[in-house]
Amino acid sequence: MITLAAGLRLPTNGLDYAILAIYFVVVLGIGFAARRSVKTSLDFFLSGRSLPAWVTGLAFVAANLGATEILGMAATGAQYGVAVVHWYWIGAIPAMVFLGLVMMPFYYGSRVRSVPEFLLQRFDKSAHLLSSVLFAFAAILIAGVNLYALSIVVEALLGWPQWVAIVVAGLFVLAYITVGGLSSAIYNEVLQFFVILAALIPICVIGLKRVGGWDGLSGTLEKKYGHSFLTAWDGTGIGEPNALGANWLTIILGLGFVLSFGYWTTNFAEVQRALSAKNLSAAQRTPLIAAYPKMFIAFLVMIPGLVAAVVVPRIGQEGSDLTYNDAIPLLMRDLLPNGVLGIAVTGLLAAFMAGMAANVSSFNTVFTSDIWAKYVRPGREDRYYLRFGRLVTAVGVLCSIGTAFLAATFNNIMGYLQTLFSFFNVPMFVVFIIGMFWKRASMKSGVWGLVAGTTAAMVNYFWIYKQGIIAIPTDQGANFVSAIVAFVVGAVVMVAVTLFTKPRPAAELAGLVYGTRSPGLEEPPAKGDDAWYRKPALLGWGAIILAALCYVPYSF
Amino acid sequence: MSDYQHEVDLERRSATAARLFDIRLIIGGLFTLYGVIVMIAGFTASDADLKKAEDININLWTGVGMLLLGLFFLAWIKLRPIVPPTAEELAALQEDTD
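Chains Z and S are the protein sequences, given in the same order. In this text, residue positions in the first sequence follow numbering that gives the first Met the number 0: the first is 0, and each later residue adds one. In this text, residue positions in the second sequence follow numbering that gives the first Met the number 0: the first is 0, and each later residue adds one.
The shape of chain Z in the complex, shown without the other chains (with noise of 0.2 angstroms):
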C-alpha cells in the first residue's frame, strides 16, 4: 500500500488551494448538469447509450489513469527502470484492440448492461450471479483502495488529517454520481485525463533538465544500476535474474496476454465506458482510441520515476524512509512553483477521485440491474431501478470507505490490485474468451471456470508461492504465474465439463458466439463513421504498430 514518508510536506499556498477549489466546484457542477440528462435508469447507468467516441474513449483511459496507477507505476519505473514500459506496451495495447476490434461487436450488439449480464446470456444463471457477486465485492474493494490512498497522500502532502480526506472526498464522489450518474463519471474522467497531463508534462520536463536531459539521465543510471534498467528486455532470459522476478515468457503470457486481456476485456469498470457509446462505431473506437493516450503515458509515467531514482539516490533503499512511491510527490516538491504545484495536486486528488467513481458508477450498475433487478425485485418499473441505483450508489461509497483498510497489509499497490485481479479478472477472461468462440461450450461450463480458475490463482499465490513451495523471486513475477494457472486450469475445466453436459440451444445464442449475428444488429452506420480514420481497423493495427516501435529504442 502506499505509505508515503513523513516530511513531504508540499509548499501550496493559497492560489494552489484557489486552483483546487475552482476544480472541485466544476466536479459539483458537473454532476448538477449532468441531472438534467438523466431520465431513464438507462441514461443513470449508461449514458443512454447516446456519447461520442472521443468522451468515451478518454474516459476509458482515464478510469484506468487512477492515482494509484500513476503512483504505482513512477514506483515501478524507480525499482525497476525502463521495464516498466511492459504494463503499456505490452500489457495494455494488444488488449485494447482486441476488446475494440474482436470482442466489442458482441458486448455492444447483444445491448447487454454490463459485462456479467453476457454471461447471462451466453452461459447460465450460476455463472451470471457468481461474476455479478464477485465484481461487485471487488469494486468496492478497489474503490476503497483508492479512498484510503487518497487520504495518506493528503495527509503527507497536505496535513489534513486521514478522516477529513476520505469523508471529502467520499461524499464528493457521493454527491456527483448519485446526482449524475454515469454521464457525470465519464465527463469528469475526461476533464481528469486533461488536468493529469497538465500535471504530468512539468514534472516531466524540469525533471529532465535536472539531470541533464534524457543522456545525462541515462548516464548516471547506467553507471549506477548498468545497463538492463535501460532496456525492457534485457536479462528476461528464463532462467536469468532479474529485478522484475519475470522472463521473457511470463511477461508477455502472464502479463501480455493473461493479466491484461484479464483487465482490458473483462473488467466492467473499463467496458461500461464502451458500452455507452452512442453507436457500435463508437462503442469499437472506444478502447481503440484510448490506445494512443496510454502508449505516451507510459513516458509520463516512466520517466519521473526514472529521475527520482537519479536525484533522490535513497529513494527505496534499506534504512530509508522513502520509499518508491514517494517518487512523483518528491518531484513535486523539489521542482513545481506555486501555481503549477496546485494543478500537480489537483490532478494527483482528481484521479484518486476518478479511480475511485469509476468503480462506484459500475458497482452500482451491477448491483442494481445484475443483482437487485434480475434475482431480488425484477419487473418493476423503470424509475423504481433509477431510484434505487441512487441508494445503492450511496451504500456502496459507504462500504468502499469501510474496507479501505484493508489494503494496509501490502507495500506496494500495483501488485496489490494485480492479485485481485489474476483472482477475478483471469478466470472471467477465460470463460469469455471460449464462450465467444466455442459453440459447443455447454451452459455449466461457464460457472465451472470461474470457480476453477480463481481457486486455482489464489492455491498459487497464497499456497505455493507465499509458502514457498515454489521459488519466485518477486510478487510481480508471482502474481504473472499465478495469471497463466488461472487461465490453463479455467480452460481445462471448461473443456471438461463441456463435454459431460448440454450445449445452449443454438437460437439463443444469436450475437454472442463468433459466427452469429444478433437481432438487431443490422443497424445503418452513421454518417460520418465510414470515414477513414474512423475504420476501427486502421485504429486498432496502428496502435499496435505503434506500441512495437516504441520498444525499439528500448530493446538493445
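No lab work stands behind these hints, which were simulated from the structure alone. It is possible that some hints are incorrect.
[To be verified] In the BS3-like style, the derived pairs of lysine-lysine whose C-alpha atoms are separated by at most 25 angstroms in a straight line are:
#1 Lys277(Z) / Lys77(S)
#2 Lys373(Z) / Lys223(Z)
#3 Lys534(Z) / Lys438(Z)
#4 Lys124(Z) / Lys373(Z)
#5 Lys124(Z) / Lys465(Z)
#6 Lys208(Z) / Lys50(S)
[Claimed, not checked] Ranges between beta-carbon positions, derived for each pair:
#7 Gly28(S) / Leu545(Z): 30 to 40 angstroms
#8 Leu24(S) / Trp437(Z): 39 to 49 angstroms
#9 Leu24(S) / Phe295(Z): 42 to 52 angstroms
#10 Leu70(S) / Arg376(Z): 20 to 30 angstroms
#11 Ile76(S) / Ala547(Z): 34 to 44 angstroms
#12 Pro80(S) / Gln316(Z): 34 to 44 angstroms
#13 Trp75(S) / Leu545(Z): 21 to 31 angstroms
#14 Gly28(S) / Phe555(Z): 42 to 52 angstroms
#15 Tyr532(Z) / Phe71(S): 35 to 45 angstroms
#16 Arg35(Z) / Glu53(S): 21 to 31 angstroms
[Said to hold, decoys possible] From the structure, some residues in chain Z lie toward chain S, with a derived Cβ separation under 10 angstroms:
#17 Tyr22
#18 Lys124
#19 Ser182
#20 Asn337
#21 Ile342
Every residue, glycine too, gets a C-beta built ideally from N, C-alpha and C.
Place chain S on chain Z using the hints.
Chain S only, in chain Z's frame:
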C-alpha cells in the same frame, strides 16, 4: 427478446436527453481559466520560483498550454455546435418520464 426491445426503447428515449449537455464547454472554460491563472503566476514569478524549476518559467509555459487547450475546445464548440433537441422532442421526453 423482450429485454432487447426494452433496452432499444429506453435508448430511443434517452438519445434526446444526452444532447442537453456539452462537456466541451466545461473543459474549454476550466482550462481557459486555469491557463490565465497559471500564466499570471508565471508573469509574477519570483527568482526563487525560477530557480526551483531549473530556470524554466514553468508556470508561464504550462499556462500557455492550458489556455491553448481551453481555447481549442471553445473553438470546437463554435465550429461544430451540438444540435439542440427540438421543442417537440423535448415535449415528447417530458411526456415519457412525467
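Evaluated hints:
1. Of the pairs offered as hints, the one joining Lys277(Z) and Lys77(S) holds, with about 22 angstroms between alpha carbons and a cut-off of 25 angstroms not exceeded.
2. Taking the CA atoms of Lys373(Z) and Lys223(Z), the gap is about 59 angstroms. The hint is violated against a cut of 25 angstroms.
3. The hinted pair formed by Lys534(Z) and Lys438(Z) fails the criterion: a straight-line CA distance of about 28 angstroms is larger than 25 angstroms.
4. With a CA separation close to 10 angstroms, the supplied pair Lys124(Z) and Lys373(Z) stays within the 25 angstroms bound.
5. Between Lys124(Z) and Lys465(Z), the direct Cα distance comes to roughly 34 angstroms. Violation of the 25 angstroms bound is thereby established for this hinted pair.
6. At most 25 angstroms may separate the alpha-carbon atoms for a hinted pair to count; Lys208(Z) and Lys50(S) meet this at roughly 12 angstroms.
7. Under the hint 30 to 40 angstroms, the C-beta atoms of Gly28(S) and Leu545(Z), about 33 angstroms apart, fit the expected range.
8. The given range of 39 to 49 angstroms is respected by Leu24(S) and Trp437(Z), whose C-beta atoms sit roughly 48 angstroms from each other.
9. Range check, Leu24(S) to Phe295(Z): about 26 angstroms between beta-carbon atoms, so the 42 to 52 angstroms window is missed.
10. Roughly 50 angstroms separates the CB atoms of Leu70(S) and Arg376(Z), a value that falls outside the hinted 20 to 30 angstroms.
11. Restraint check, Ile76(S) to Ala547(Z): a C-beta distance of roughly 37 angstroms satisfies the suggested window 34 to 44 angstroms.
12. Take Pro80(S) and Gln316(Z): their Cβ atoms lie about 57 angstroms apart, and the range 34 to 44 angstroms is violated.
13. The hinted range of 21 to 31 angstroms is satisfied by Trp75(S) and Leu545(Z), whose Cβ atoms lie roughly 25 angstroms apart.
14. A C-beta distance of roughly 47 angstroms is found between Gly28(S) and Phe555(Z), which places it inside the suggested range of 42 to 52 angstroms.
15. Remark: the range hint 35 to 45 angstroms for Tyr532(Z) to Phe71(S) is contradicted by a beta-carbon distance near 18 angstroms.
16. Checked against the hint of 21 to 31 angstroms, the pair Arg35(Z) and Glu53(S) fails, with Cβ atoms roughly 46 angstroms apart.
17. A distance limit of 10 angstroms between C-beta atoms decides the matter here; for Tyr22(Z) the minimum to chain S is near 8 angstroms, and the interface restraint holds.
18. With 10 angstroms as the threshold, the beta carbon of Lys124(Z) stays out of range of chain S, its nearest partner Cβ sitting at about 14 angstroms, so the hint is violated.
19. Nearest Cβ of chain S to the Cβ of Ser182(Z): about 7 angstroms, under the 10 angstroms cut. The hint holds.
20. The interface hint given for Asn337(Z) holds, since its Cβ lies 7 angstroms from the closest Cβ of chain S, which is under the 10 angstroms cut-off.
21. Residue-level restraint check for Ile342(Z) holds (minimum Cβ-Cβ distance to chain S is 7 angstroms; threshold 10 angstroms).
Violated hints, in rising order: 2, 3, 5, 9, 10, 12, 15, 16 and 18; the structure is consistent with all others.
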